[in-house]
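Engineer: Here is how the chains run, residue by residue.
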Amino acid sequence: MAGRSIEIILSRQLADCLNVPVFIVDPEGNLVFYNASAEGLLGRRFEDTGEMPMEMWSTAFHPTDEDGKAIPPEQVPLVNSIKNHVPSHKTFWINSFDGKSHNISVTAIPIIGRAQEFVGAMAIFWDNTSNS
Amino acid sequence: MKVILHGTRGAYPTSTPDNQKYGGDTPCIELIHNDDRLIIDAGTGIIGIDWSQYDPKKRLDILLTHLHMDHIQGLGFCKPLFDPNREVHIWGPGGSAYLLQTRLNRFLSPPLFPVVLRDIPSQPEIHELFNSKIELGPFTVHSSFIIHPGPTLGFRVECGGKSLAYIPDHEPMIGKTKLYDDDSWVSGFDLAYETDLLIHDSQYENEEYMKKIGWGHSSMQICAEFAARTKAGRLVFFHHDPAHDDDHRTQTFESFMSNNSFDFPIELAVQGQEIEI
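If you read the protein sequences in the order shown, they are chains U and R.
According to this note's numbering, the residues represented by the first sequence are 0 to 131, in order.
According to this note's numbering, the residues represented by the second sequence are 813 to 1089, in order.
No lab work stands behind these hints, which were simulated from the structure alone.
Mixed in with the good hints there might be a few duds.
Simulated DEER-style distance windows between Cβ atoms [stated by the list, open to error]:
id, chain 1, residue 1, chain 2, residue 2, range
1, U, Arg43, R, Ser908, 38 to 46 Å
2, R, Lys945, U, Arg43, 38 to 46 Å
3, U, Phe96, R, Glu1066, 45 to 53 Å
On a predicted model such as this, the values are computed, not experimentally measured, just so you know.
Idealized CB from N, CA, C, for every residue including glycine.
Turn these sequences into a full structure, and let the hints steer you where they fit.
Structural biologist: Next up, the structure:
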């Protein structure tokens, strides 16, 4: 079987310890893990959703800007980090699975491993709605 | 394939009388298949290798899991390195900001060592490994990065239809006493999967581990769970803590075994032990 790279495994172990929402994606953009804090923000447990392809998670939460205009997937920070292997940051609105609206700030970083290969990306969320 | 355990102790070598049952030298194992040999790690155990069994005309390959002192301390005292007619290859982890050669130079140079690496008579060739697969004679070697501070590799060696996984320093779950349920999230899983023999870090007791989280080592409990999950055929507890005498190690092992049940044999590594796979 193909195990995950050590950098992604360690990212998950870090995310497990954090009390801020974290998404972890593989090089293809599949959402392979989100932590308990992200479950609170998204309104659904990772055990229930399982992994999600990028096409699903990048639109499932209906990201919109301050004017309520839909944000195209390529402008979502984590998608940008996956496609271009660069850090990315944005503040926008999402709707969680339970219908709640959240204003969030997202910082995404590419994960470059020891062998200089791109092994995935990680996004950390800040819920401005609940933290304001 | 035969394996000889030349060094089983972690951290630092010890020569106290109460640490001689399992041995006082630091990690080094030797794999033998017919006339071919392969050495993994260069702790002080490497000094005890019987070099008279080696054909001086054959190349010598030494694999290093990582560069912590207990895994390289014997390198400067490895006799073939000082034979100008010997072809020596040293393989170790890449993935640092500094080349493997540069990092080895830090140890093999004054003031830590009198001879600089470039002046070592055999002029060893240094090769960096990542998540790699290489062929060394009859040995197929797979290397993968595993969880341990600094660039650290685990090895899987296949030869003659048999397999060995050697993961002497490994903390698969930092701060937890149980592995993730999904195998793909377990560090080193592919290396050990269905190997005939797994030699794995087991330095701590559970309670001890909780005081040393992030130091890069496993408890006996997590080591055995790792072996069970990877379906290893046989497990050798390795990297004994030199801070504990052998009676303590024996008692810990017996207590662990009396409270747990596994469907594969488990034993404590003994320096000098020969294991036929």
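Engineer: Next step is simple, just say for each hint if it's right about the structure.
Structural biologist: Hint check results:
1. U:Arg43 - R:Ser908: 38 to 46 Å: 40 Å, holds
2. R:Lys945 - U:Arg43: 38 to 46 Å: 40 Å, holds
3. U:Phe96 - R:Glu1066: 45 to 53 Å: With a Cβ separation near 51 Å, U:Phe96 and R:Glu1066 satisfy 45 to 53 Å, so the hint holds.
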